[in-house]
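Student: Given these sequences and hints, build the entire structure.
Protein chains in written order, with this note's numbering: chain A, 1 to 249; chain B, 1 to 719.
Since the hints were made in silico from the structure, they are not lab data.
Yeah, the Cβ is synthetic: ideal placement off N, Cα and C, and Gly gets one too.
A hint or two may mislead.
What follows is a set of in silico ranges between Cβ atoms, one per label pair, in the way DEER data are often shown [what the hints assert, rightly or not]:
no. : chain 1 : residue 1 : chain 2 : residue 2 : range
1   : A       : N156      : B       : K558      : 24 to 32 Å
2   : B       : D491      : A       : K219      : 55 to 63 Å
3   : A       : Y48       : B       : Q234      : 39 to 47 Å
4   : A       : L205      : B       : N37       : 47 to 55 Å
5   : A       : A46       : B       : M54       : 24 to 32 Å
6   : A       : S179      : B       : M54       : 38 to 46 Å
7   : A       : S179      : B       : S451      : 21 to 29 Å
8   : A       : S38       : B       : S600      : 24 to 32 Å
9   : A       : A46       : B       : E689      : 46 to 54 Å
10  : B       : M54       : A       : A212      : 50 to 58 Å
11  : A       : A62       : B       : D491      : 15 to 23 Å
12  : A       : Q40       : B       : S600      : 17 to 25 Å
13  : B       : D491      : A       : F70       : 56 to 64 Å
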Amino acid sequence: MRSIKIIFLLFFFLSSAQIFAHPEDELIIREIEEGQLSFQDDQMTAEYEAALKRQRLRKLNAMSGSKQFFLFVKAGIEHIIPKGLDHILFVLGLFFSSLVFMSLLKQVTAFTLAHTLTLALAALDIMQIPGQIVEPLIALSIVWIAVENCVFKKTNKWRPLVVFGFGLLHGLGFASVLSDYGLPQGSFIPSLIAFNIGVELGQLLVLIIALALVWFFRKKTWYRSYIQIPASIIIALFGLFWFIERVFL
Amino acid sequence: MKKLLFLATLVVISSCKNETKQPEMQTSENPFFQEWNTPFEVPPFEDIKDEHYMPAFEKGMEEHLSEIDAIVNNTEAPTFKNTLEALEKSGKLLNKVQSVFYNLTGSNTNPKLQELQRDLSPLLSAHSDKISLNEGLFKRIETIYQEREGLSLTEEQLKLLSDTRKGFVRSGALLNAEQKAQITKINSEISELTTAFGQNLLAETNGFELILDKADLDGLSDGIIAAAAETAAQKMEAAESDEDKAKYKDKYVFTPHRSSMYPFLTESNRRDLREKLYKSYVMRGDNGNKTDNKEVAAKIAKLRAERAQLMGYETHAHFVLEERMLKTPEEVYNLLMQLWKPALERAKVEVADMQAIVDAEGHDFKIAAWDWWQYSEKVRKARYNLDEAALKPYLSLDNVLNGVFETTNKLWGVTYTELFDINTYHPDARVWEVKDKDGSHLGIFIGDYFSRSNKRGGAWMSSFKSQSNLEGKERPVVVNVCNFPAPVGDDPALLSFENVTTLFHEFGHAMHGILTNVTYSSMSGTSGPRDFTEFPAQILEHWASEPAILKSFAKHYKTGETMPDELIEKLLKASKFNQGFANTEYLAASLLDMDWHTLSAEDDIKDADAFEKSSMEKIGLIEEIAPRYRSTYFSHIFAGGYASGYYSYVHSAVLDSDGFEAFKETGDVFNPELAAKLRTHVYEKGSTEEAMDLYTQFRGRQPKIDALLKVRGLDGSAE
Numbered sequence: 001m002r003s004i005k006i007i008f009l010l011f012f013f014l015s016s017a018q019i020f021a022h023p024e025d026e027l028i029i030r031e032i033e034e035g036q037l038s039f040q041d042d043q044m045t046a047e048y049e050a051a052l053k054r055q056r057l058r059k060l061n062a063m064s065g066s067k068q069f070f071l072f073v074k075a076g077i078e079h080i081i082p083k084g085l086d087h088i089l090f091v092l093g094l095f096f097s098s099l100v101f102m103s104l105l106k107q108v109t110a111f112t113l114a115h116t117l118t119l120a121l122a123a124l125d126i127m128q129i130p131g132q133i134v135e136p137l138i139a140l141s142i143v144w145i146a147v148e149n150c151v152f153k154k155t156n157k158w159r160p161l162v163v164f165g166f167g168l169l170h171g172l173g174f175a176s177v178l179s180d181y182g183l184p185q186g187s188f189i190p191s192l193i194a195f196n197i198g199v200e201l202g203q204l205l206v207l208i209i210a211l212a213l214v215w216f217f218r219k220k221t222w223y224r225s226y227i228q229i230p231a232s233i234i235i236a237l238f239g240l241f242w243f244i245e246r247v248f249l
Numbered sequence: 001m002k003k004l005l006f007l008a009t010l011v012v013i014s015s016c017k018n019e020t021k022q023p024e025m026q027t028s029e030n031p032f033f034q035e036w037n038t039p040f041e042v043p044p045f046e047d048i049k050d051e052h053y054m055p056a057f058e059k060g061m062e063e064h065l066s067e068i069d070a071i072v073n074n075t076e077a078p079t080f081k082n083t084l085e086a087l088e089k090s091g092k093l094l095n096k097v098q099s100v101f102y103n104l105t106g107s108n109t110n111p112k113l114q115e116l117q118r119d120l121s122p123l124l125s126a127h128s129d130k131i132s133l134n135e136g137l138f139k140r141i142e143t144i145y146q147e148r149e150g151l152s153l154t155e156e157q158l159k160l161l162s163d164t165r166k167g168f169v170r171s172g173a174l175l176n177a178e179q180k181a182q183i184t185k186i187n188s189e190i191s192e193l194t195t196a197f198g199q200n201l202l203a204e205t206n207g208f209e210l211i212l213d214k215a216d217l218d219g220l221s222d223g224i225i226a227a228a229a230e231t232a233a234q235k236m237e238a239a240e241s242d243e244d245k246a247k248y249k250d251k252y253v254f255t256p257h258r259s260s261m262y263p264f265l266t267e268s269n270r271r272d273l274r275e276k277l278y279k280s281y282v283m284r285g286d287n288g289n290k291t292d293n294k295e296v297a298a299k300i301a302k303l304r305a306e307r308a309q310l311m312g313y314e315t316h317a318h319f320v321l322e323e324r325m326l327k328t329p330e331e332v333y334n335l336l337m338q339l340w341k342p343a344l345e346r347a348k349v350e351v352a353d354m355q356a357i358v359d360a361e362g363h364d365f366k367i368a369a370w371d372w373w374q375y376s377e378k379v380r381k382a383r384y385n386l387d388e389a390a391l392k393p394y395l396s397l398d399n400v401l402n403g404v405f406e407t408t409n410k411l412w413g414v415t416y417t418e419l420f421d422i423n424t425y426h427p428d429a430r431v432w433e434v435k436d437k438d439g440s441h442l443g444i445f446i447g448d449y450f451s452r453s454n455k456r457g458g459a460w461m462s463s464f465k466s467q468s469n470l471e472g473k474e475r476p477v478v479v480n481v482c483n484f485p486a487p488v489g490d491d492p493a494l495l496s497f498e499n500v501t502t503l504f505h506e507f508g509h510a511m512h513g514i515l516t517n518v519t520y521s522s523m524s525g526t527s528g529p530r531d532f533t534e535f536p537a538q539i540l541e542h543w544a545s546e547p548a549i550l551k552s553f554a555k556h557y558k559t560g561e562t563m564p565d566e567l568i569e570k571l572l573k574a575s576k577f578n579q580g581f582a583n584t585e586y587l588a589a590s591l592l593d594m595d596w597h598t599l600s601a602e603d604d605i606k607d608a609d610a611f612e613k614s615s616m617e618k619i620g621l622i623e624e625i626a627p628r629y630r631s632t633y634f635s636h637i638f639a640g641g642y643a644s645g646y647y648s649y650v651h652s653a654v655l656d657s658d659g660f661e662a663f664k665e666t667g668d669v670f671n672p673e674l675a676a677k678l679r680t681h682v683y684e685k686g687s688t689e690e691a692m693d694l695y696t697q698f699r700g701r702q703p704k705i706d707a708l709l710k711v712r713g714l715d716g717s718a719e
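Tutor: Here it is, written out as structure tokens:
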């Protein structure tokens, strides 16, 4: 078997060494013995994506620890702003529920704890739920909290619990992006933590911007009817659209 | 000759030159028309688009021709510098675009490049003819050649001069006008016939399909079945009429392509279907239809003999071998026949082993050619019990790369640094800088290891930039392309041991391209004769099979544990398996090649089948084995450039076994003195000296065949 293989190798090597001699010969021989290459777009795209990920991981593994950490913080931020529009809307959904600091803090904390938990579980391969299930549910979670904002004037007691549940879903969403992105074998945990820090920073940034935009109207009597409710409706519509898109289209 | 062919390819196009000028815009954007300011002059792959090639080829050929004209029309008397060196410096643009193009058509192609490749081939061969048949150019070279004694040229310059001259002479430069016209006529006839041979064979190979129902798949594994279903689906999609489509619906298709046929022959329990598929393969071009190749092959052989005679050679083989390490047909026959007897004896033992299994299974048939794959696999399992899957976890790509880096480091002190900031043509193509033991830059190594749908099968080495010391120190950029299975999920890529030897083999070629240190690029690296250039590659494989070295890199990718001794022992024992078959089919094809090309112009072969039959009877080939290629599908020799050269592989194998034996004899596979000799006389020298001289300078004597017989288990050592 070995010499069969060697013969093959030789044959192919010679063909390339002879690049300048008879390029046309080799094309003929290869096409005859191997058949034509088939160029299938979806397969080629998948191969290319996988290769890109391998390349990214090789680069990552060759970096220093601090550089890796910084890179994953950045990746975490980027997966909120600008790439994570659904997560942005969810956080805005929380924001438009209440302007009471404590209430908001409770919700955001619940969300953070929950998504950190599932992100870690999924990244460590302890828990696997397919994207076709998680993604539509994430869309629904946005609809849910936005509708709640319109229905209840004040946030109800169980709201942080609901948000915690939804946070579990969003964590799975982050995990799938992260697994496409790839984590370096050598520093798995630090990179995971860095990514999560990035996500928190991105989330915080969304809240700060939102607060800055409504700062002067937050005490107005019309805040709820002209800002809080319309914004929530728009958020709900987006969520609904994504749900339909992710399930049916 | 090499230089000539090279020039030739570089040369031809003025006839096709388009009068309408390319718009300036395009010229300024085309990366081939610019200096490459990339690190180490690695081609700027990201900027090169498909549409840049053709204009660059056209301009490259045009520039090359005008450079040649300038050399020919130089009013100064011909000197080595104004002729040979000027020739060496010519054709830079064409060279640049060619090396990128022909690398990517193999490793990262697309339908557009494939089409370009077809369009370019006649243009380039016409270009090459314009240079190799240029009388003015030859006259200048001949003048210098005649005066060479008094010119105080270096040895390398003398070799360049005589090689270049010989190339012209071999294209007919010394013939009179009438003879030249005859040669041109024969050449064009041969070229038409070789094209026809290839097209016939393509039609014959694609024309047969074994369409099976689910019930016919007995014995086949899931992967093979899935591939056959995929083939059927593709055929269905390509079919035009509904009737044709229906033919493939829910079926499984096998074809006489090796990738489809071998798995079927190995696994299928349907002996009748194995026979059918096997026969479709060996009868290609021999079906007495419109695409029959019997007459075509005989005509090609006859024309080649006529041409050789016109040139003053006894036969075509004499003409070809003049430039090889083995200089005459007698030497080639002598080598092949020394191996033939032990190989055939071994094959007969293998047949008996397989027959014993057939009998034990209670079957009542005699082993036939189409049973070989299935029953040799059964013998292998029974005798060696080597579980390939158990090896793989120890052979991750990164560990194997470390192994080859470490091996070459111990031999020559070279070191490797992976570079991450150089963009290549594909994210799987990795880049390393190779440095010498004193830290100086030697070259760039690109390793592109995984199989993908736009890459040709097989494994090869090539270069994007070759080495030269003519205009400053130019260091090479070389590439290894392989087809190892890509990793699944987040696990590392795991190789089979066969992949490991392939990697070492190709890396040996890469070393030949990287360590080279000569003045003229046309004589650098792997430019030597075909029966020599495999030597630097094949010898490196031996280190991969040394238990101590294997243990140094074969570490389990999860546990870090070293490959157990017991596994290594089994692995090495299994390497001698089925060598009777492999050598017999290969040697039979090599002898057939020689028989065709030692015909004289007077011989008139009417029936290629009868010729082949008598040729094989003469050596006593058994009916359980066919030559690796039968005449009617021996595309290497009748459609490609391997006529009277198929023996080269085994000649290089004699050298590598004998060469490695030298290390073994010293008791140290890294013997520094021998390693240094191997480097200076072989890896550095390119083709600046006669290959046999290079070998004997390294080895201290001429090669012997004994070590090869031992390695392949043809000395009676295989079980």
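Student: Hints first: check each against the structure and report whether it holds.
Tutor: Hints and how they fare:
Checked against the hint of 24 to 32 Å, the pair N156 (chain A) and K558 (chain B) fails, with Cβ atoms roughly 50 Å apart. The supplied range of 55 to 63 Å is met by D491 (chain B) and K219 (chain A), whose beta-carbon atoms lie about 58 Å from each other. The beta-carbon spacing between Y48 (chain A) and Q234 (chain B), approximately 21 Å, falls outside the hinted interval of 39 to 47 Å. Here the CB-CB span from L205 (chain A) to N37 (chain B) is close to 39 Å, at odds with the stated 47 to 55 Å.
Roughly 31 Å separates the CB atoms of A46 (chain A) and M54 (chain B), a value that falls within the hinted 24 to 32 Å. A C-beta distance of roughly 42 Å is found between S179 (chain A) and M54 (chain B), which places it inside the suggested range of 38 to 46 Å. For the pair S179 (chain A) and S451 (chain B), the beta carbons lie near 23 Å from each other, so the given range of 21 to 29 Å is met. As the Cβ distance of S38 (chain A) to S600 (chain B) is approximately 45 Å, the hint placing it in 24 to 32 Å is violated.
In this structure, A46 (chain A) and E689 (chain B) meet the distance hint of 46 to 54 Å, their C-beta atoms being roughly 50 Å apart. The supplied range of 50 to 58 Å is met by M54 (chain B) and A212 (chain A), whose beta-carbon atoms lie about 56 Å from each other. At about 19 Å, the CB distance of A62 (chain A) to D491 (chain B) agrees with the hint of 15 to 23 Å. Against the hinted window of 17 to 25 Å, the Cβ-Cβ separation of Q40 (chain A) and S600 (chain B) comes to about 51 Å, which falls outside the hint.
Separated by about 27 Å at the C-beta atoms, D491 (chain B) and F70 (chain A) break the suggested range of 56 to 64 Å.
In this structure, the hints that do not hold are numbers 1, 3, 4, 8, 12 and 13, in rising order.
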